[in-house]
Structures are given as C-alpha cells and as structure tokens.
Amino acid sequence: MITVEQLSGGYGDVPIVKNVSFTVEKGKVLGILGPNGSGKSTLLKVMSGILPATSGSVLLDRKNIKTYNARALAKKMAVLPQLHANAFSNSVREAVSLGRYPHQTGFFSSWSDKDEQAVQHAMAQTGVLRYENTPMEFLSGGEQQRVFVAQALAQTAEVLLLDEPTNHLDIAHQRQILDMVRKEAVECGLTVVMVLHDMNLASLYCDELLLMEDGQMRAIGAPHEVLIASQIEEVYQARVTTYSHPEIPKPQITMMPATSEHQPRAVITKENFTVVEDFIQLKSEIPLKTISSAVHNPGIGWYECFLNRSVPGDYIINNVKQEVAGFLQRENFSLTGTVVMLTAVSTNMVALNEYKTDFGSVFVMVTAGVGNAVDVSRTHERQDQPYVGTINTWVIINGCLSEEAFFQAMMTANEAKTKALQTEDIRDKRTNTVATGTATDSLLIAATQRGKEMIYGGPITEVGKVIGRGVFETTVQAIHNYKTKA
Amino acid sequence: MSRTALAYITAITLLLVSIWCGVSIGSVNIPFEVLWNRAADETAANILWKIRMPRVVLAGLVGASLAIAGAAFQGLLKNPLADPYTLGVSSGASVGAVMTLFFGISIPVVGIYTLPTFSMIGAVLTMVAVMGFARLVDRSLKMETLILTGVIFSSFLGSLISLMVALTGEELRQIIGWLLGSVSMRGWPYVQMIAPFVVIGSVMLWTQRRELNALLYGEERAKHLGVNVKRSKYLILAGGSMLTGAAVAVSGTIGFVGLVVPHMTRMIWGSDHRHLLPLSFLNGATLLIICDLVARTIIMPRELPIGVITAFIGAPVFSYIFYKQRRSKGGRA
Numbered sequence: 001m002i003t004v005e006q007l008s009g010g011y012g013d014v015p016i017v018k019n020v021s022f023t024v025e026k027g028k029v030l031g032i033l034g035p036n037g038s039g040k041s042t043l044l045k046v047m048s049g050i051l052p053a054t055s056g057s058v059l060l061d062r063k064n065i066k067t068y069n070a071r072a073l074a075k076k077m078a079v080l081p082q083l084h085a086n087a088f089s090n091s092v093r094e095a096v097s098l099g100r101y102p103h104q105t106g107f108f109s110s111w112s113d114k115d116e117q118a119v120q121h122a123m124a125q126t127g128v129l130r131y132e133n134t135p136m137e138f139l140s141g142g143e144q145q146r147v148f149v150a151q152a153l154a155q156t157a158e159v160l161l162l163d164e165p166t167n168h169l170d171i172a173h174q175r176q177i178l179d180m181v182r183k184e185a186v187e188c189g190l191t192v193v194m195v196l197h198d199m200n201l202a203s204l205y206c207d208e209l210l211l212m213e214d215g216q217m218r219a220i221g222a223p224h225e226v227l228i229a230s231q232i233e234e235v236y237q238a239r240v241t242t243y244s245h246p247e248i249p250k251p252q253i254t255m256m257p258a259t260s261e262h263q264p265r266a267v268i269t270k271e272n273f274t275v276v277e278d279f280i281q282l283k284s285e286i287p288l289k290t291i292s293s294a295v296h297n298p299g300i301g302w303y304e305c306f307l308n309r310s311v312p313g314d315y316i317i318n319n320v321k322q323e324v325a326g327f328l329q330r331e332n333f334s335l336t337g338t339v340v341m342l343t344a345v346s347t348n349m350v351a352l353n354e355y356k357t358d359f360g361s362v363f364v365m366v367t368a369g370v371g372n373a374v375d376v377s378r379t380h381e382r383q384d385q386p387y388v389g390t391i392n393t394w395v396i397i398n399g400c401l402s403e404e405a406f407f408q409a410m411m412t413a414n415e416a417k418t419k420a421l422q423t424e425d426i427r428d429k430r431t432n433t434v435a436t437g438t439a440t441d442s443l444l445i446a447a448t449q450r451g452k453e454m455i456y457g458g459p460i461t462e463v464g465k466v467i468g469r470g471v472f473e474t475t476v477q478a479i480h481n482y483k484t485k486a
Numbered sequence: 001m002s003r004t005a006l007a008y009i010t011a012i013t014l015l016l017v018s019i020w021c022g023v024s025i026g027s028v029n030i031p032f033e034v035l036w037n038r039a040a041d042e043t044a045a046n047i048l049w050k051i052r053m054p055r056v057v058l059a060g061l062v063g064a065s066l067a068i069a070g071a072a073f074q075g076l077l078k079n080p081l082a083d084p085y086t087l088g089v090s091s092g093a094s095v096g097a098v099m100t101l102f103f104g105i106s107i108p109v110v111g112i113y114t115l116p117t118f119s120m121i122g123a124v125l126t127m128v129a130v131m132g133f134a135r136l137v138d139r140s141l142k143m144e145t146l147i148l149t150g151v152i153f154s155s156f157l158g159s160l161i162s163l164m165v166a167l168t169g170e171e172l173r174q175i176i177g178w179l180l181g182s183v184s185m186r187g188w189p190y191v192q193m194i195a196p197f198v199v200i201g202s203v204m205l206w207t208q209r210r211e212l213n214a215l216l217y218g219e220e221r222a223k224h225l226g227v228n229v230k231r232s233k234y235l236i237l238a239g240g241s242m243l244t245g246a247a248v249a250v251s252g253t254i255g256f257v258g259l260v261v262p263h264m265t266r267m268i269w270g271s272d273h274r275h276l277l278p279l280s281f282l283n284g285a286t287l288l289i290i291c292d293l294v295a296r297t298i299i300m301p302r303e304l305p306i307g308v309i310t311a312f313i314g315a316p317v318f319s320y321i322f323y324k325q326r327r328s329k330g331g332r333a
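So the sequence lines, in the order shown, correspond to chains A and B. Number 229 in the UniProt record's numbering belongs to position 229 of the first sequence; there are no gaps in the numbering. Number 70 in the UniProt record's numbering belongs to position 70 of the second sequence; there are no gaps in the numbering.
Honestly, I wouldn't trust all of these hints.
Taking beta-carbon pairs under 7 Å as the criterion, some of the chain A residues facing chain B (in silico) [claimed, not checked]:
| no. | residue |
| --- | --- |
| 1 | Ala74 |
| 2 | Ser89 |
| 3 | Pro102 |
Derived PhoX-like pairs: lysine-lysine, alpha-carbon spacing no greater than 25 Å straight-line [claimed, not checked]:
| no. | chain 1 | residue 1 | chain 2 | residue 2 |
| --- | --- | --- | --- | --- |
| 4 | A | Lys465 | A | Lys356 |
| 5 | A | Lys356 | A | Lys429 |
| 6 | B | Lys233 | A | Lys66 |
| 7 | B | Lys233 | B | Lys50 |
| 8 | A | Lys356 | A | Lys270 |
| 9 | B | Lys233 | A | Lys76 |
| 10 | A | Lys270 | A | Lys283 |
| 11 | B | Lys233 | A | Lys75 |
| 12 | B | Lys230 | A | Lys63 |
| 13 | B | Lys230 | A | Lys66 |
| 14 | A | Lys63 | A | Lys75 |
| 15 | B | Lys324 | A | Lys75 |
| 16 | A | Lys283 | A | Lys356 |
| 17 | A | Lys183 | A | Lys250 |
| 18 | A | Lys63 | A | Lys76 |
| 19 | B | Lys230 | A | Lys76 |
| 20 | A | Lys485 | A | Lys429 |
| 21 | A | Lys429 | A | Lys419 |
These are computed hints drawn from the structure, not numbers from a lab. Owing to the predicted nature of the structure, the values given are computational and were not obtained by experimental measurement. Think of the CB as a built atom: it goes at the ideal place given N, C-alpha and C, for glycine as much as any other residue.
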C-alpha cells in the first residue's frame, strides 16, 4: 500500500507537482493520466525520491520513504522510468538479474535460488525468456522495454511504479505487459502506480485513475468517474466522445478530429440509386452513418454502399453470412463498406420516393413481400423457422442526426410500416388478425451527417414527420407493387 | 559459467606467458631453469631477480591499475572513451609527481610513499575539476564534452609540467624520459611503493562491481535499484584516482592502456563488471608487460619509452571506438 499526502515537488524551487494526495491499496492499480507537461512523470519521480519533495510525504506501509535507505526502499518499491539505451552491451539475463541488486548484500554475496527464481519468473512473465542470452542492443525497442519491466519485476517489490510501460509496444505486447501487471496485482497483491498516455488502456487496466492538470489533481476515481467527455475535453483541449467497451464495463474515449472546411458537399440524390435484376443499390460518395438490422454489417457504423439483394425463394438461410460474403467478393463489393439486406421479392417491385424538407431531403426505399406477414402479438403461438419473405425498409436522410434521433427514427419508421400494413389490411394467415410486419423485416436508417444536428427524431419532429409519412406512403406503394406484379 | 572460467584461465595463462617472456627475453637470454635454481647461472639469476623481474612486476602492476581504473571510469561515466589518460587524470597525477620531484618534497611519516601520495592528490583534484567543468558545460555529461574537457586539462597541466621541467635545468633529461612513460631502471623499491595502493584501489573498485552494473543504466535507474549512488560514485572516483596516481608516480603517463584493455575485454567477455574488473586487471598487466618487452627490444640496444608503444596501439583503437559510437548514434537517430 502506498499513500501520497499533499505532495508537492519538482525541479528547482517552483514545484511542478502541487498538493497531490491519494492512496493505492494493496493489489490495486492506479493509472495517472494527463496531457504532456501536466506533471505525470514528475509526480512519479517525486514519489520515488529521485526529485525532492518541497512539502508533503510518501508513505510505504505507513512509513515515510525518507526513513528507508536506498537498498531497503528498492526491496519495497520497484520503479521503471522511461529508459534510454546504454553504451555497453549486456545480455538480457544480465539486465534482468540486476533487479536482484537490493537483495544481494555483503562482500562476497552469492546468487541464491530465490534470486534465480525471481529472475526466471520475471523473464517468463514478460516473455523475454527466449532472448535470455541475446545482447540488449540486438533487441527492438519494444523488446528492450519488456526486459526493463522484467528487471523491475525481479526486484519482487510490493509496490511498482511504472512510467509509460507500453511505450514503443505494439498492441499485442501492450496487452501482454498490462495483462501481466494486472495479474501480478490480483494474484500476488502487487500495488501498481503507472503513468499511461493511452486513456483507453488506462480505463481497461486500472482500478482507479488520477487525472493531472498543471501539476494538480483534476479528478480521481473509478474510470467511469474520471473519463467524462466534458472533463477530458477541458483538460486536453481536444474534442472527444466516450463510448462503452463492447465486452467489459469500462468507458472508452475516442478523439474527434477538427472538422475540415473542405468536406465535399455531397448529398444523396436519385442518381445514387440503381436497380438491376439482382439487387437495388445505393452508392454514396461519402460514408453514411448507419444503423440497421441488415444481414451483412448490421449495427451502427459508417458505410458507403447499400444493397437490397433479391434472392430466390428457396434460398438456404442457414449459411447466410458466408454466402453473402462470397457474393460480395464475387461482385467486387467492399466487404467492410457494404451493408446487405436480403429479400425474396424481385427488384422491380421496389418503391422509392424522395421527400424534400427544410433541412435537406429524405429517401425511402421499400420492398415488401407480405406473403408471410405475422401479427407480432400472436407469434408466440407458432414454432416455424424464419424464411425469406420480408419487408426491407431504407430511410436515407440528407441531414445530421444525433444518436438519440437515430433510434427514434427507427421507431418512427417501424410504426409507419405497421400502419401501412394495417391500412392495406394485410393479415396473419394463421390467426386472421391484422399483421404488424413479417418474421424477418429489416430496417436501415442512414444519414449523411452534414448540416445542423437534429437532436430528436420522434413522430412530431421535422425529420420524424417526413419519415412517418414517407415510410407509410412508400410501404403502401410497395405492397401494391407486390400484389400487382406477383 | 564455463565461459567465465575460460575467460579467467585465458587471462591468467596469457599473464604467466607474458611474465616469462618479459623476464627471459633481452640482451641476455635467461634459461628457464634459473627460476628455481640460482646456482645454474649466477649472472642470469642476478639479471632475472634484480633487473628484469622488478621491471616486469612493475609493468604488470601499472598496466593492471590503469586497466581496472579505465574499466571503472567507463562504467561510471557510461562512456567507452573514458580512461585515466583521456580524462586528463594521468596529467594531473604527473603534475603532482613532478611537483614532488621539483620541490624535493618529502614527508617523513609517509616516507617513500610521498611521491605516489602527491600523484594521487593530483589525480583526484584533476578528476574533480574535469567532472565539474564538463558538468558546467553540459549537464548530461556527453561523451564528447567529457573527452574535450580532458584534452583541455591535459594541455594546461602539460604546460605546467613543461614550465617546471624548464626550470629544473640539469635533471631535464631524466624527467622527460619519465614523462613519456617508462618502467625501466626502477627496481623493487618502486614495486613496494605502489603495491599497497594498487591493492587498496582495486579492492575499492571491486566492491562496486554490482553498483557499476546498475550505473550503466544511469544514476536514476541505479538509485531505483537500491544503489547508494553518491557513495558508489565517490568510491569509484577515489579508487580509480588512487590507482592512476600510483601508476603515474612510478611510470609517468602511459596512455590508452585503460582504454584498450577494458574495451577488448568487454568485446570478448561482455560488460558484466563482476568479471570485467578482474579480467581487465589481469589483461592490463599482460598488455603492459608485453608492451614493455617490445619497447626495450625493438630497437636494441636502445629503448623506446613504453608510452610510445601503448599510444601506437591505443590511438587507432580509440579512433575505432569513437567511429563506432558515432555511427551507431547516427544510425539510431
């Protein structure tokens, strides 16, 4: 356990680090964040006694570090500063063995089994064991960095201070080092304080974060309490936004580049749509922010190409992901830039309309195969498998929607579709009640994200009104097409 | 482990061979037998024990001192070009020695140790001055800064010596011969004069072998590893200066031994100071014994100053290290 109490200090008379206090319990990991020059590394140096503290104190196990001599302190606390190459050649093993220095005392002190174990453990943990006999200068920057981490681990101290341990490392090795630090903390009760540049790594691997600004503590707490977009924006003077990690409940941060003035003023027009026998295609010059329940590239993302692909009625749906990927490759579409929906309806039954609005315009495309329409309130009565025969709806907006507006737009569009089915008196054949959709409907909302942001997309907003009317009218038209041409 | 053993066996074998060559080769060739049987050849035995052996032992001690001091200085300063000669410490020791001779100083209590004592004082003062000045110029103590400072101090101290030499008049020839570095005509008293300092200085450095390993990664890192950096630095500087002072007191300034030997040793056996220091000690002795042998036989019956031979080998090695260091730095940038 390490406690820092109202610590100030730095180079010369003017303290760089001002009045910093925190405690890290045994087995916990604290990450120190902050912009360049905010005093992160200086704080670590003052904590480790390399730079003098002008006031305040650092307590290790409730004892001031000033009361330890160099050797005793090194047994308690290992420090890994940012390192530079040295002029002479050492083997990796020699470098790691140096971590045992504080444990070797006396004139002729020899190498004990415990020393050997600590060195082997440290080399294995950091994955440098296979370089054991390689001279340091033959290693890459990342490998050297891992050797230095191993050196610090070999000290078998209770507290480990790390200054940017992931410097020069690729993500595989960043993960390896940080996983290892985490493991040592959880399993062996190592207390860790580390300076990190990468807020996302810090969020993933630290129990607590300390955000520094101008040498002072700006915030301290769990990652979600510190990584708040507005706070990060203020401290770093950069536009950011937060989102949650897909697998673990930790916040992530992403940078928002300054918006360029020279964006092409691209808008979606009717010319962007093409209808051929196999598919209906929308090709945009710029990626559109998209939210969809499509077969290929569903979810939220940015895509330039959209396909509503017509497949035969006997299409085998089990292997759909692989089949669609094969189709895209065959037809030279980008796998990562294309969203694909499937329908059994032939492409000539499409209904496509443009609606002019004050903010721009909205396109609605619908193909409606209503042969298998169902009443959602009664589907619990049936056990059949899904099959093709579906209503696919695209809403393409020349405008800018907030995240919230996207979801509201989806709801609005879906309600309009249901209303269209009701108006056309499409029925669930089993229950003979009015259908609300089919078993496999897909919906896609895409927007150019140009122009003024529209915060809401509900039924009585400007955009919601157009979506409601547009989806309703177009769906009705598509149902007519289906009925007449089928 | 076996590699380390091999290093020591090689070093000791070479040393024994060089000692035998040193005592047996010369204007009179000495038969092997004389070593244990004086009666076999009384004249040869006299030459061996009274003239050649002390000379060889003295050369060995001087070489060992300069080499181990060089190895320690290089480790401490993280500078492969540092050695007592390039840092100007040898010149400082010379000034101390020449002053002792010039003023005829003799301190009763220390007796025969007066000369090495003043030499050492000269060495320590110069070391402190060079380091202080270099730090003033450039806090990070870059390699070039330190060597350049050494050159400046060497020149200045050299001119001081020249002044004193010019003022002495009749003893001129002797002092100049001494200045160029030589171990000839010294005899056992000189061996006795420096032996204790060589032992103490070497032990001081040897106690800092692990600290030197840590210091290779910089003072800050060493401190984190638990090294008492201040104490270590003082011990290494004091030990190194003591060895340099002792060597210079008996043999004048012999350049480059402290540069070439640790460099070669490091290249072949690695830079772990636990072995680098003792191996440099042994190899330094061997090198200087061989250089002395060459110096006194190459233009027989006349002798070359030994410093000429060491500089002849040392300067190219210095250039090579300098070139390699600069190139690797340029490559990294």
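Hint check results:
1. Ala74: Ala74 of chain A check passes; min Cβ-Cβ to chain B is 3 Å, inside 7 Å.
2. Ser89: holds (6 Å)
3. Pro102: holds (3 Å)
4. A:Lys465 <-> A:Lys356: holds (12 Å)
5. A:Lys356 <-> A:Lys429: violated (37 Å)
6. B:Lys233 <-> A:Lys66: holds (21 Å)
7. B:Lys233 <-> B:Lys50: violated (40 Å)
8. A:Lys356 <-> A:Lys270: holds (12 Å)
9. B:Lys233 <-> A:Lys76: Given pair Lys233 of chain B, Lys76 of chain A holds - Cα atoms ~24 Å apart, limit 25 Å.
10. A:Lys270 <-> A:Lys283: Between Lys270 of chain A and Lys283 of chain A the Cα gap is close to 10 Å, so the pair holds against 25 Å.
11. B:Lys233 <-> A:Lys75: holds (21 Å)
12. B:Lys230 <-> A:Lys63: holds (24 Å)
13. B:Lys230 <-> A:Lys66: Cα-Cα ~16 Å, so holds.
14. A:Lys63 <-> A:Lys75: holds (14 Å)
15. B:Lys324 <-> A:Lys75: Since the Cα atoms of Lys324 of chain B and Lys75 of chain A sit roughly 38 Å apart, the hinted pair is violated (cutoff 25 Å).
16. A:Lys283 <-> A:Lys356: holds (20 Å)
17. A:Lys183 <-> A:Lys250: holds (18 Å)
18. A:Lys63 <-> A:Lys76: holds (11 Å)
19. B:Lys230 <-> A:Lys76: holds (21 Å)
20. A:Lys485 <-> A:Lys429: holds (21 Å)
21. A:Lys429 <-> A:Lys419: holds (18 Å)
This entry does not satisfy hints 5, 7 and 15, going by the numbered hints stated previously.
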